[in-house]
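Chemist: Grab the two chains, each in its own frame, and use the hints to assemble them into the complex.
Chains as they are written, first to last, in numbering that gives the first Met the number 0: chain A, 0 to 128; chain B, 0 to 131.
No wet-lab data here; the hints were simulated from the structure.
Virtual Cβ for every residue (Gly too), placed ideally from N, Cα, C.
Do not take every clue at face value.
According to the in silico footprint, chain A covers these stretches of chain B (three or more CB under 8 Å from chain A) [to be verified]: (1) 84 to 93; (2) 111 to 123.
If we take Cβ atoms under 10 Å as the criterion, some of the chain B residues that face chain A in the derived model are [what the hints assert, rightly or not]: (3) VAL42; (4) ARG73; (5) PHE75; (6) ALA79; (7) LEU80; (8) ILE97; (9) LYS98.
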Amino acid sequence: MAEQHVVIELALGKLTVQGEVLSTTVTKALNKVEGVRPHRKAGGVMAIFGGGEDSVQLDVQGDTVNVEVRIGVILGYPVQEVSLAIQEVIRGELEQLGIAKVGTVNVAIKRLIPPDEEPQSKEEEKRDA
Amino acid sequence: MPENDERTSEEEERTPQTTPGGGAISVSGDVIASIAGLAAAEVEGITPPRGGQFRKGEAAKRNVETIIDGGEVRIFIKAALIYGYKVAQVAQELQERIKANVERMTGLNVNSVDVELVRVLFPEDGAQEEEA
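This is chain B alone, in the form it adopts within the complex (with noise of 0.2 Å):
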């Protein structure tokens, strides 16, 4: 993740397209948080480090940090892993659909998408439980 100085989560990035009244198009940090959480929620065998559900809104700020520079946008993610899965595959998988849904609803390019798993969970120790 990266160091505080770095963020910019609360900073609003302009896309090169405007709109036909010719004003600028703005994405925040916060959003694009909030669509990689729904994102990864959407990913078999991983789930927030403490379980549950990934979050929209603010709880997504809680495991997903952006950094938008010149429109392209590089997001760290936060995640447990499910024990039993490939650790590799489901990172993979993460990726991509993040990458893909944030282009997809943002027009924003992704350039990476970092995953950190902190630990693992069982399914029999509440693996599914929600996260506090």
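Pulled out of the complex, with its shape left as it was, chain A reads as follows (with noise of 0.2 Å):
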């Protein structure tokens, strides 16, 4: 995934927002909606969300910043639910920052995960990540 950046021209100088910054804001929105988990079995929450290539995605244009994630649902929760949640906690959150406006929030529900899959440990995800 190529890093994008969002440039603001303040009143004293240029202010520059790496895209580590959007994408760990998206990261930690994730990790509060209820049902989300990584699409695939081996690698943490963080190397989905934060680290794998695919699990985020910017596009930057000018002050907008679009975003697509890739999430896998635990059965039983209902997806469309689960999916405008993410939309709206995401939206929430980079808005927060005060940077930049968010276009759309795309969601791609990669996999369906059974309820009784064993969540990795921190340590675990830490060591994948």
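Modeler: Written out as structure tokens, the structure reads:
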């Protein structure tokens, strides 16, 4: 994923916000939504949401950021509701940064996860990240 | 951040003022970087890129670059944003604080303060850890 950045002209100089700031914010947002998991069995939440190649994609067009996320949803959680929640929370988090408008937030559900699939421990997530 | 060949952080700037003794006053880019780093430390919501505190002296140059040209100073600073703070607000305060401090302490005019936010740090992940 090519890192993109947002550049804003402030009164006293330029403000450059690197893509990692945006993608980390999106990752944080995803972690707030229930029923969302990595879409691959191997690799922790951070590997997919924060470090995976295609998990979070940003497209900065001028002062607008378009987002695409690829996730797994735990079986039993209504996919549409989860997706709407994801869109809402990502939009809210990015808008809270106050630097760019949020354009589209596309959510790609890549797999359904059995509810009894054990989530990775935080140590495993860090190791896989 | 400026390219290597544009950096003049080692270059001294002669201010227009002369001392009572008739000599010139010089301010090195390193001093300006130190002042900028200390000013940044006063701003809530940002840290150096790896966390911890902005430092003075040699360590300040790690995240602050200066270009001095004809009495005018341009400052470039890299930082991390602490999650929860509004980017534009923090950046604006940072610019204003650096400009005010540098101008007050050196008498030089700060033309611009360019800010680059390279990452987000979370308090629960040790946003306040000391920079290596």
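Chemist: Evaluate each hint against the coordinates.
Modeler: Going down the list of hints, with the structure as the test:
Counting residues of the stretch 84 to 93 of chain B whose CB lies closer than 8 Å to any CB of chain A gives 6, so the stated coverage by that chain holds, three being the minimum. A stretch counts as covered by a chain when three or more of its residues have a beta carbon under 8 Å from one of that chain; for the stretch 111 to 123 of chain B and chain A the count is 10, and the coverage holds. This hint is violated: VAL42(B) has a C-beta 13 Å from the nearest C-beta of chain A, more than the 10 Å allowed. Hint status for ARG73(B) relative to chain A: holds, with the closest Cβ pair at about 8 Å, below 10 Å.
The beta carbon of PHE75(B) is positioned within 10 Å of a beta carbon in chain A (closest approach about 9 Å), and the interface hint is therefore held. Annotation: ALA79(B) was flagged as interfacial toward chain A, and the flag holds, the nearest CB pair being 8 Å apart, inside 10 Å. Satisfaction of the interface hint for LEU80(B) is found here, the shortest Cβ-Cβ separation to chain A being roughly 6 Å, below the 10 Å cut-off. Interface restraint check for ILE97(B): the shortest CB-CB distance to chain A comes to about 9 Å, inside 10 Å, so the restraint holds.
Hint status for LYS98(B) relative to chain A: holds, with the closest Cβ pair at about 6 Å, below 10 Å.
In this structure, only the earlier hint numbered 3 is contradicted, and the remaining ones agree with it.
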